[in-house]
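Asker: Let chain F serve as the given structure and place chain G on it in line with the hints.
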Amino acid sequence: MQLNIKYYGLLAEATNCNEEVIEFSKSSVSELLDLLSEKHPNLKGKDFQVAQNQEIVSKDSIVNESEIALLPPFAGG
Amino acid sequence: MKTRKPKNVFKDGAISSEFIGESIAKHQSKTSIGAHNIFLGQVRADEIDGKIIAAIEYTAYEDMANAKFHEIREATFEKFNLTCMHIYHSLGMVKTGEICLFVFVSSPRRKEVFKALEYVVEEIKANVPVFGKELFEDASHQWKVNT
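Protein sequences, first through last, are from chains F and G. Position one of the first sequence corresponds to residue 8 (our numbering), numbered consecutively onward. Position one of the second sequence corresponds to residue 493 (our numbering), numbered consecutively onward.
So that you can see chain G by itself, here it is in the shape it has in the complex:
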């Protein structure tokens, strides 16, 4: 197995479209790549009992979460023929409409990136200890659960 050092996946606050754009631009020098695939998780303004979600405040068991992200990366490189892969997740406050998860996979060929991206996102949702406090417009809150 190739060894890669665990990275810090977390970013403070929302992930900006500028950051995402720059990440794409940085890959122009990697000319063996023929296909990128990107997943962007956006905070949705769900309505619950007549109240609308305004933001999610994310917290995490950070050491375990970064270790799990690393395991997911290693497993994904084992399963799929990828050139590179990047994962960023927000911590702290992210307003509705803003991006809280950015997953970016690249490969010489398109079929690999379609399968790999779904695998990565589902693994993150199921196995990474990240917690979300859904804040309503009236300042009350509830706790998010992935379904």
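Here chain F stands alone, though its shape is the one from the complex:
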């Protein structure tokens, strides 16, 4: 499936990318993260959460929505 991956804050800086479309053929969030860190080695070791369709999901969740966001620690307020 085609996924729209969004990067924020220090992750946008590390990947030099705000948003990209990728083709994903496996199933879990952790498999997706393996693919993304292969493409962007700077993601390795960074602290972040993953949101699928605007909800935080765990690494063993199944990827079934096209909008995926990688969110570094929050800093609102």
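Treat the hints as calculated values from the structure; they're not laboratory data. From a predicted model like this one, the values you see are computed outputs, not experimental measurements. Keep in mind that a hint or two might mislead.
On the chain G side, residues computed to face chain F include the following (Cβ under 10 Å) [claimed, not checked]:
1. I530
2. F531
3. I545
4. Y550
5. Y553
6. N573
7. M577
8. H581
9. L593
10. K617
11. A618
12. P621
13. E626
14. Q634
Away from chain G, derived, C-beta distances all over 10 Å, residues of chain F [to be verified]:
15. L10
16. N11
17. T22
18. N23
19. H47
20. P48
21. G52
Positions of the beta carbon are idealized from the N, C-alpha and C atoms, including for glycine.
Answerer: Leaving out everything else, chain G in the frame of chain F:
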């Protein structure tokens, strides 16, 4: 549950004292209110390794952030007896000393607004995807993390 439409919480740049003052004035017609409580988040000039922060540049996953602000509003109205509530957060550049977060809760009674305001601010800090790039005076930067 009462339904309210999601609002856009974000404002471009710092939140001015005029805006805050006008928000207070607008509530003079709501005479069932007996107590307001206001939280203002201000950008602090922290010193880190001898360098001083000059500003924070805020970005957000805006759609998710507005949805989270909306969830927080709904949960707060469920938990506390509030007449009304307003939240504004800055995006873009906010200099030290300027206001980046304005939360305003109102109720007939004071005890509700004390509890509600703390709840709202802590929920925002923990759950809303807003990111802050702390810019030093020498133009270097680091990324803010809420503690």
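Asker: Next item in the hint list is G/E626. Is there a CB on chain F closer than 10 Å to its CB?
Answerer: 9 Å, holds
Asker: For the hint on G/I545, does the least C-beta distance to chain F fall short of 10 Å?
Answerer: Violated, about 12 Å.
Asker: Interface hint check: G/H581, Cβ to nearest Cβ on chain F, cutoff 10 Å. Holds or violated?
Answerer: Given a least distance of 6 Å, the restraint on G/H581 holds.
Asker: At a threshold of 10 Å, is the proposed contact between G/A618 and chain F supported by beta-carbon distances?
Answerer: With Cβ-Cβ at 7 Å, under 10 Å, it holds.
Asker: Over 10 Å from every CB of chain G: does F/N23 meet that, or does the non-interface label fail?
Answerer: 15 Å, holds
Asker: Checking hints one by one. Is G/Y550 an interface residue toward chain F, by the C-beta closer than 10 Å rule?
Answerer: Where the cut-off is 10 Å and the nearest Cβ of chain F is about 8 Å from G/Y550, the hint holds.
Asker: Once the shortest beta carbon distance from G/K617 to chain F is found, is it less than 10 Å?
Answerer: Since chain F brings a Cβ to about 5 Å from G/K617, closer than 10 Å, the hint holds.
Asker: Verify the interface restraint on G/I530: the C-beta must sit less than 10 Å from at least one C-beta of chain F.
Answerer: Interface hint status for G/I530: violated (14 Å vs cutoff 10 Å).
Asker: Using Cβ atoms only, decide whether G/N573 comes closer than 10 Å to chain F, and label the hint accordingly.
Answerer: 24 Å, violated
Asker: Taking 10 Å as the limit, does the beta-carbon of G/F531 come near enough to a beta-carbon in chain F?
Answerer: The hint holds - G/F531 has a Cβ within 10 Å of chain F, the shortest such distance being about 8 Å.
Asker: Hey, does F/L10 actually stay past 10 Å from chain G on C-beta?
Answerer: Fine: 16 Å to the nearest Cβ keeps F/L10 off the interface.
Asker: Is the hint on G/M577 kept, meaning its closest Cβ partner in chain F is under 10 Å away?
Answerer: This hint is violated: G/M577 lies away from chain F, its Cβ roughly 16 Å from the closest one there, beyond 10 Å.
Hints 1, 3, 6, 7 from the list above are not met by this structure, while the remaining hints are.
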